[in-house]
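Novice: Below, each chain spelled out in residue letters.
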Amino acid sequence: MTLSLLFQHIVNALSLGSLYALIAIGYTMVYGILRLINFAHGDVFMLGAYVAFYGMTIVALPWWAALLVSIVFTALFGIGLERAAYRPLRDSPRISIMISAIGASFLLESLGVLIFGGRPKGVPVPDVLSRVIHFGSVSMIMISLIIPLFTFALLGVLVWIVNKTKTGMAMRAVSTDIEAARLMAVNVNKIVSFTFGIGSLLAALGGILWSFKYPQLNPLMGMMPGLKCFIAAVIGGIGSIGGAVLGGFLMGFIEIMTVAFLPTLSGYRDAFAFILLIVVLLVKPTGLLGKRQAEKV
Amino acid sequence: MKQNTESKKALPKRKQYTIIALAAFIVFAFLANMFFDAFTLRVFNLCAIYIVLALSLNLLNGFTGLFSLGHAGFMAVGAYVSALLTMSTQLKDMNYFLEPIVPWLHHVTLPFLPAIIIAGLVSGFVGFLIGSPVLRLRDDYLAIATLGFGEIIRVLITNAQSITNGAQGLKGLPRYSTTFAVWVTAGLVVLFMVLLMRSSYGRALKAVRDDELAAEAMGINVFKVKVTSFTMSSFLAGIGGALLGHMITTIDPKMFTFMLTFNILLIVVLGGIGSISGSVISAIVVTILMEVLRFLDEPMNFIIFKTDGLPGLRMVVFSLLLMIIIIYRQRGLMGSKEFSWDMLTGLFVKRGHKGGDHV
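Protein chains in written order, with my numbering: chain A, 463 to 759; chain B, 21 to 379.
For the record, the hints were derived by calculation from the structure and aren't laboratory data.
A virtual CB, placed ideally from N, CA and C, is assigned to each residue, including glycine.
One or more of the hints may lead you astray.
[What the hints assert, rightly or not] Taking CB as the label site, the calculated pair distances span:
(1) A:MET686 / B:LEU141: 29 to 37 Å
(2) B:LEU61 / A:THR638: 52 to 60 Å
(3) A:TYR676 / B:GLU318: 50 to 58 Å
(4) A:ARG644 / B:PHE148: 38 to 46 Å
(5) B:LEU130 / A:SER599: 57 to 65 Å
(6) B:LEU141 / A:ARG644: 24 to 32 Å
(7) A:MET686 / B:LEU118: 19 to 27 Å
(8) A:ARG545 / B:LEU61: 39 to 47 Å
(9) A:LEU467 / B:LEU216: 57 to 65 Å
(10) B:ASP230 / A:ARG497: 19 to 27 Å
(11) B:ILE268 / A:THR627: 55 to 63 Å
(12) A:ARG497 / B:ALA41: 38 to 46 Å
(13) B:SER356 / A:ARG497: 22 to 30 Å
(14) B:PHE148 / A:ARG545: 23 to 31 Å
[Said to hold, decoys possible] Below are the DMTMM-like pairs computed for lysine to aspartate or glutamate, each with C-alpha atoms no more than 20 Å apart in a straight line:
(15) B:LYS226 / B:GLU236
(16) B:LYS274 / A:ASP732
(17) A:LYS746 / B:ASP159
(18) A:LYS675 / A:ASP553
(19) B:LYS33 / B:GLU358
(20) B:LYS244 / B:ASP231
[Stated by the list, open to error] Computed from the model, here is a short list of chain B residues facing chain A with C-beta under 8 Å:
(21) PHE87
(22) ARG156
(23) LEU157
(24) ALA163
(25) PRO194
(26) PRO331
(27) ILE346
(28) ILE347
Modelling step: build the complete structure from the supplied sequences, incorporating the hints.
Specialist: Written out as structure tokens, the structure reads:
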């Protein structure tokens, strides 16, 4: 394997890892606050990609406008989802709320099949993003470079919100102890809605960037990435934003590199994530960065 | 107390009811087997298979309080083992055109009964292997880990070309899932569950579900109970999967996705998590609904407008149903109660006559 090929793989792994990280953050934030695996998160990701797609094709918006519309719409959708499916069950056993989440996930997928159609759709990737650029012998598509930049910029904003703003402080309070936070005059419902909004926004962004990199949409496209990103969040230490990012990148690297170096095992690609998950859960159930004092959002 | 003496007197009468209802059902099954058309009979038999599957999931989710989402994987193991053991050598040669089958499976052809028992045992053994590490986890972690194992099993089956024929699947399985076979199995499984839940072992399961710490303090080996329950549930899931395979006569890895687990979960939640009779009733209701509601996916002709078929609408209805039950009526149909004749007489007194009874 030549050095340039290796470099190519690294760039690919970085951009895939960034996408995973964007989605994993949503899982980790929601879990940190409600102790809920939001099974529907992967489908919110799918929704974001579809809304942007229709924005670009039917409404003929420029891609950045479609992107903006889609993330706003999806964020509101995420807030609505929490209201309808999770809030009525907040004081119920955790199993109930999880069943509701599974139901929501299936509902979104089948609604996707119903409304968007089961046949895959090709995404018109904007020229700016599909341009090929060369660094010496390494050539890559613009989008592979933009994805990690985007991710890191957003991550910076998110860390700032969580650590420096009052809302962020409230988020940390709710995640430590919902009851105590309520007594301290934190509006818990508002914070939960805010968290779902941010998580869904990031998922939508991840979905749109995903559809620019792998330009094909189908209503079940969120299923596997959703599961993998949840696993990434667990590996990194669920509840920790840094952990989710680390887990996302780890997942991206493992996936790209095993396929690159051990092509005979590529059929087992989807099983790796789960094997990794089970090993981590058994060896270190709190995840890599999930210590007690870890920043919990 | 008055009620007590009354129930002592009424007891034989209730047993009579049960025996009459059972006999009526057996007669019904015989008639169904003779007079139903192929499609209706298939739905009728599918009910029995779903009873087996729902009970096996309820044993875990409802009675032991372990939330498992990997059921489709165990069903796949059962279906494949039984298929490979019963298919004839020629049939195997026809199926394995990409890569020949491994020699030790090539000439094996067993009758149905040993094959399905071995299928259950293998599936139970896989459950035991998976359960021992995974059951150290709790709640949602357990759910995700079992979901993961379900997927891993599916990926392994897809890739083990020379054993399972990979993504091509197996075609032409012998049609062994007769009305007799499936309903006898369902009856045995119901009986097994009822006896299990009456035994001290069943109480141990419920104790673990309700309070692990207290159960441990009472001298129950919690971990052992969990692993046993998981193994038994996998065994039953394997049997159910094998029956399903021999009914559809074609199996491939895509059949055993999370979607299948979802259907069974829907049945268990609708029937009431922790109720045997609830699972039985709801398995019948959901199976029939799934077939009846098939028209939703097809083109519809209203008087004012026409639709050209809405694939997916049926699943929309089912996922909405699941969410509505879990949000507005968490107990499901039966809660954790069991069916009794008193319940039915209560219904009669309150609402007058309503036909239909269940076994």
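Novice: Hint by hint, say whether it matches the structure.
Specialist: Now for the hints, and whether the structure bears them out:
{"no.": "1", "hint": "A:MET686 / B:LEU141: 29 to 37 Å", "in the structure": "holds, 32 Å"}
{"no.": "2", "hint": "B:LEU61 / A:THR638: 52 to 60 Å", "in the structure": "holds, 59 Å"}
{"no.": "3", "hint": "A:TYR676 / B:GLU318: 50 to 58 Å", "in the structure": "violated, 33 Å"}
{"no.": "4", "hint": "A:ARG644 / B:PHE148: 38 to 46 Å", "in the structure": "holds, 45 Å"}
{"no.": "5", "hint": "B:LEU130 / A:SER599: 57 to 65 Å", "in the structure": "holds, 60 Å"}
{"no.": "6", "hint": "B:LEU141 / A:ARG644: 24 to 32 Å", "in the structure": "violated, 52 Å"}
{"no.": "7", "hint": "A:MET686 / B:LEU118: 19 to 27 Å", "in the structure": "holds, 25 Å"}
{"no.": "8", "hint": "A:ARG545 / B:LEU61: 39 to 47 Å", "in the structure": "holds, 45 Å"}
{"no.": "9", "hint": "A:LEU467 / B:LEU216: 57 to 65 Å", "in the structure": "holds, 59 Å"}
{"no.": "10", "hint": "B:ASP230 / A:ARG497: 19 to 27 Å", "in the structure": "holds, 20 Å"}
{"no.": "11", "hint": "B:ILE268 / A:THR627: 55 to 63 Å", "in the structure": "holds, 56 Å"}
{"no.": "12", "hint": "A:ARG497 / B:ALA41: 38 to 46 Å", "in the structure": "holds, 45 Å"}
{"no.": "13", "hint": "B:SER356 / A:ARG497: 22 to 30 Å", "in the structure": "holds, 24 Å"}
{"no.": "14", "hint": "B:PHE148 / A:ARG545: 23 to 31 Å", "in the structure": "violated, 42 Å"}
{"no.": "15", "hint": "B:LYS226 / B:GLU236", "in the structure": "holds, 12 Å"}
{"no.": "16", "hint": "B:LYS274 / A:ASP732", "in the structure": "holds, 14 Å"}
{"no.": "17", "hint": "A:LYS746 / B:ASP159", "in the structure": "holds, 17 Å"}
{"no.": "18", "hint": "A:LYS675 / A:ASP553", "in the structure": "violated, 41 Å"}
{"no.": "19", "hint": "B:LYS33 / B:GLU358", "in the structure": "holds, 18 Å"}
{"no.": "20", "hint": "B:LYS244 / B:ASP231", "in the structure": "holds, 15 Å"}
{"no.": "21", "hint": "PHE87", "in the structure": "holds, 5 Å"}
{"no.": "22", "hint": "ARG156", "in the structure": "holds, 7 Å"}
{"no.": "23", "hint": "LEU157", "in the structure": "holds, 6 Å"}
{"no.": "24", "hint": "ALA163", "in the structure": "holds, 6 Å"}
{"no.": "25", "hint": "PRO194", "in the structure": "violated, 29 Å"}
{"no.": "26", "hint": "PRO331", "in the structure": "holds, 6 Å"}
{"no.": "27", "hint": "ILE346", "in the structure": "holds, 5 Å"}
{"no.": "28", "hint": "ILE347", "in the structure": "holds, 5 Å"}
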